[in-house]
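**Q** Sequences listed follow chains A and B, in order. Position 178 (the first sequence) corresponds to 162 in our numbering; numbering is contiguous. Take any residue in the second sequence, note its place counting from 1, add 777, and you have its number in our numbering.
Honestly, I wouldn't trust all of these hints.
Below, simulated SDA-like cross-link-like pairs (lysine to any residue); rule was C-alpha separation at most 25 angstroms, straight line [as the list claims (entries may be wrong)]:
hint: 1; chain 1: A; residue 1: Lys279; chain 2: A; residue 2: Trp401
hint: 2; chain 1: A; residue 1: Lys378; chain 2: B; residue 2: Lys896
hint: 3; chain 1: B; residue 1: Lys901; chain 2: A; residue 2: Asp365
hint: 4; chain 1: B; residue 1: Lys802; chain 2: A; residue 2: Trp401
hint: 5; chain 1: B; residue 1: Lys823; chain 2: A; residue 2: Asp382
hint: 6; chain 1: B; residue 1: Lys896; chain 2: A; residue 2: Thr398
hint: 7; chain 1: B; residue 1: Lys863; chain 2: A; residue 2: Asp365
hint: 8; chain 1: B; residue 1: Lys863; chain 2: A; residue 2: Lys318
hint: 9; chain 1: A; residue 1: Lys375; chain 2: B; residue 2: Asp786
hint: 10; chain 1: A; residue 1: Lys378; chain 2: B; residue 2: Asn782
hint: 11; chain 1: A; residue 1: Lys318; chain 2: B; residue 2: Asp786
hint: 12; chain 1: B; residue 1: Lys800; chain 2: A; residue 2: Lys375
hint: 13; chain 1: A; residue 1: Lys391; chain 2: B; residue 2: Asn782
hint: 14; chain 1: A; residue 1: Lys391; chain 2: B; residue 2: Met881
Simulated restraints on C-beta separations [to be verified]:
hint: 15; chain 1: B; residue 1: Ile785; chain 2: A; residue 2: Arg167; range: 32 to 38 angstroms
hint: 16; chain 1: B; residue 1: Lys901; chain 2: A; residue 2: Glu286; range: 31 to 37 angstroms
hint: 17; chain 1: A; residue 1: Glu3; chain 2: B; residue 2: Val879; range: 23 to 29 angstroms
hint: 18; chain 1: B; residue 1: Asp826; chain 2: A; residue 2: Thr398; range: 32 to 38 angstroms
hint: 19; chain 1: A; residue 1: Lys66; chain 2: B; residue 2: Asn782; range: 28 to 34 angstroms
None of these hints come from the bench; they were simulated from the model. Note that CB positions come from ideal geometry on N, CA and C, so glycine has one too.
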Amino acid sequence: MIQPREDMMTKMSKILHQEGVTYLDYQATTPCDPRVVDAMLPYFQEGFGNPHSRNHCYGWKAEEACEKAREHLADLIGAHPKEVVFTSGATESNNIAIKGVAGFYGPEKNHIITCQTEHKCVLNSCRQLEQDGFEVTYLPVQKNGLIDIKALEEAMTEKTCLVSMMFVNNEIGVIQPIREIGRLCREKGIFFHTDAAQAVGKLPVDVEELNIDLMSISGHKMYGPKGIGALYVRRKPRVRLKALISGGGQERGIRSGTLPTPLCVGLGVAAEICRAEMKDEHHRLTQLRDHFVSKIREHLEEVYINGDEKLRIPGNINISFAHVEGEGLMMGIKDLAVSSGSACTSASLEPSYVLRALGVDVEMAHTSLRIGIGRYTTQKDIDHAADRIIKEVKRLRDMSPLWDMFKQGIDLKTIEWTGH
Amino acid sequence: MAYHNRVIDHYENPRNVGSLDDKDKHVGTGLVGAPACGDVMRLQIKVNDEGVIEDAKFKTFGCGSAIASSSLATEWIKGKSVNEAKAIKNTEIADYLALPPVKMHCSMLAEDAIQAAIKDLEAKK
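Pulled out of the complex, with its shape left as it was, chain A reads as follows:
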């Protein structure tokens, strides 16, 4: 029986308001659910056995716990437990899926299709394959952040071995048309991999219904521990992978190494909780998100939501406040832990490549905030965040020469700016 979420709100409230700072960055990571921690603890102690030891009860106990966790995760995604491979996280899962398929089916099938707004670990895996002679198509996205299915179909060739398309984008929260992509890939006999780190546990995901062949999962994005994730690998029709690491052949030879029992258990319980609470949580977060956005819009003009307004997860609010620089804004809202699409701190001065891929103007990309809400975010948090942001945006706009010009009706695009 799962203990209800409400029981732990006092404890979580403290954890998520440290030093007076409200945590609103749930796409970066989620805190471990206390129910997950409780389930993990015994496996650091009496349950320490090696789950691969076949000759004594220490091993059996650990193995049983890992297999139970595998079942919970499989149940969450409509898979068979044998199709779940534990990894260290979504980055490793993405690497194994992409390089693994390429390694097995290349060089005869040497073409991969992905998209420009993927996570860096997908893009960089593809870049590496390009150096090894693979061809990679990086599909553009439309203004709403979603790919065009027709463009995907046109990019497919006889040589295509894999389509890798993320389920939910980590920066802008949009949901790609996974069902259509899956159907198309199945029709053409091309394997379909999806990085579902931001989707699993938040949206109903069924690998059968969606024709997904490979799927990456992350523990710490779904209130589980860091350092664990999983890769779903379809058995029928079978997806074969070239392993990236050599070892004792654990995890069907796909990912050698002793399983971290406590982390596996944590991921399993996290999956169990997500499955039980998903519907209510989705509803609750949608209400919070809508409340936040309408409050912001009521008090501020020139506010833009980045990414499709409807086809997105409720936990992600990526929002641009025209004429207010994101990093400057973040400094004013120090009591809110959020992230910005402005990359003023990086040496490059380049703002988010994801927002750029959407065709968001560079200047607008500099004005974006990513606000991530989740399981322990309350109405009070949301009201506080909205009040603080409204106040600070107004203050900074009064200080912004761009806002002045906008108010005077000057088109900023007509001005010759000086670089430096």
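Model the placement of chain B on the given structure of chain A, informed by the hints.
**A** Below, chain B alone, put in the same frame as chain A:
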């Protein structure tokens, strides 16, 4: 990233925010930077017949360091002669605010803004 107290002070309590009448022949306006780079400064000076900067105002779109650099610049040039203001170097601003290397461009922009405002004033004469 930890900001120096002086950056935070100028960010939270910026000095001389505002505008001067651009049509006034005693007023020089410098507009530097670009929205695409993430910072734009507008710095204005009002210079009397003795060549002394009587008033200075700024508005800045940018990060905390950019706002602080321009706020500090207006504070420093007020009451100075145009020639003294001309001599202010970005390194002095950066040192005073203890800007890290990635924020050096903010101080450079403030120097540019002072120079641009003076140039604009001189062009009016």
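**Q** Next step is simple, just say for each hint if it's right about the structure.
**A** Going down the list of hints, with the structure as the test:
1. Our distance criterion of 25 angstroms between C-alpha atoms is broken by lysine 279 of chain A and tryptophan 401 of chain A, whose separation comes to about 34 angstroms.
2. For the proposed pair lysine 378 of chain A and lysine 896 of chain B, the alpha carbon gap of about 32 angstroms is over 25 angstroms, so the pair is violated.
3. With a C-alpha separation of about 53 angstroms, the suggested pairing of lysine 901 of chain B with aspartate 365 of chain A is violated against the 25 angstroms cut-off.
4. For the suggested pair lysine 802 of chain B and tryptophan 401 of chain A, the alpha carbons sit about 23 angstroms apart, so the restraint of at most 25 angstroms is met.
5. With a CA separation close to 21 angstroms, the supplied pair lysine 823 of chain B and aspartate 382 of chain A stays within the 25 angstroms bound.
6. The suggested pairing of lysine 896 of chain B with threonine 398 of chain A holds, with an alpha-carbon distance near 22 angstroms, which does not exceed 25 angstroms.
7. For the hint linking lysine 863 of chain B to aspartate 365 of chain A, the alpha-carbon distance of about 48 angstroms lies beyond 25 angstroms, and the restraint is violated.
8. In summary, the hint linking lysine 863 of chain B to lysine 318 of chain A is not supported, as the alpha carbons are separated by about 35 angstroms, beyond the 25 angstroms threshold.
9. A hinted pair counts as satisfied when its Cα atoms are at most 25 angstroms apart, and lysine 375 of chain A with aspartate 786 of chain B qualifies at roughly 18 angstroms.
10. Taking the CA atoms of lysine 378 of chain A and asparagine 782 of chain B, the gap is about 23 angstroms. The hint holds against a cut of 25 angstroms.
11. Distance hint between lysine 318 of chain A and aspartate 786 of chain B is fulfilled; the C-alpha atoms sit about 14 angstroms from each other, no more than 25 angstroms.
12. Simply put, lysine 800 of chain B and lysine 375 of chain A have alpha-carbon atoms about 32 angstroms apart, too far for the 25 angstroms limit, and the pair is violated.
13. As the CA atoms of lysine 391 of chain A and asparagine 782 of chain B are separated by approximately 33 angstroms, the hinted pair breaks the 25 angstroms bound.
14. A hinted pair counts as satisfied when its Cα atoms are at most 25 angstroms apart, and lysine 391 of chain A with methionine 881 of chain B does not qualify at roughly 30 angstroms.
15. One distance hint, 32 to 38 angstroms for the beta-carbon pair isoleucine 785 of chain B and arginine 167 of chain A, is violated here, with the actual separation near 54 angstroms.
16. For the hinted restraint 31 to 37 angstroms between lysine 901 of chain B and glutamate 286 of chain A, the CB-CB distance of approximately 33 angstroms keeps it satisfied.
17. At roughly 25 angstroms, the beta-carbon separation of glutamate 3 of chain A and valine 879 of chain B lies within the given 23 to 29 angstroms, and the hint holds.
18. Range check, aspartate 826 of chain B to threonine 398 of chain A: Cβ separation about 35 angstroms, and the 32 to 38 angstroms hint holds.
19. Distance hint check: the CB atoms of lysine 66 of chain A and asparagine 782 of chain B are about 59 angstroms apart, inconsistent with the given range 28 to 34 angstroms.
When the structure is compared with the earlier hints, violations turn up for hints 1, 2, 3, 7, 8, 12, 13, 14, 15 and 19 and for no others.
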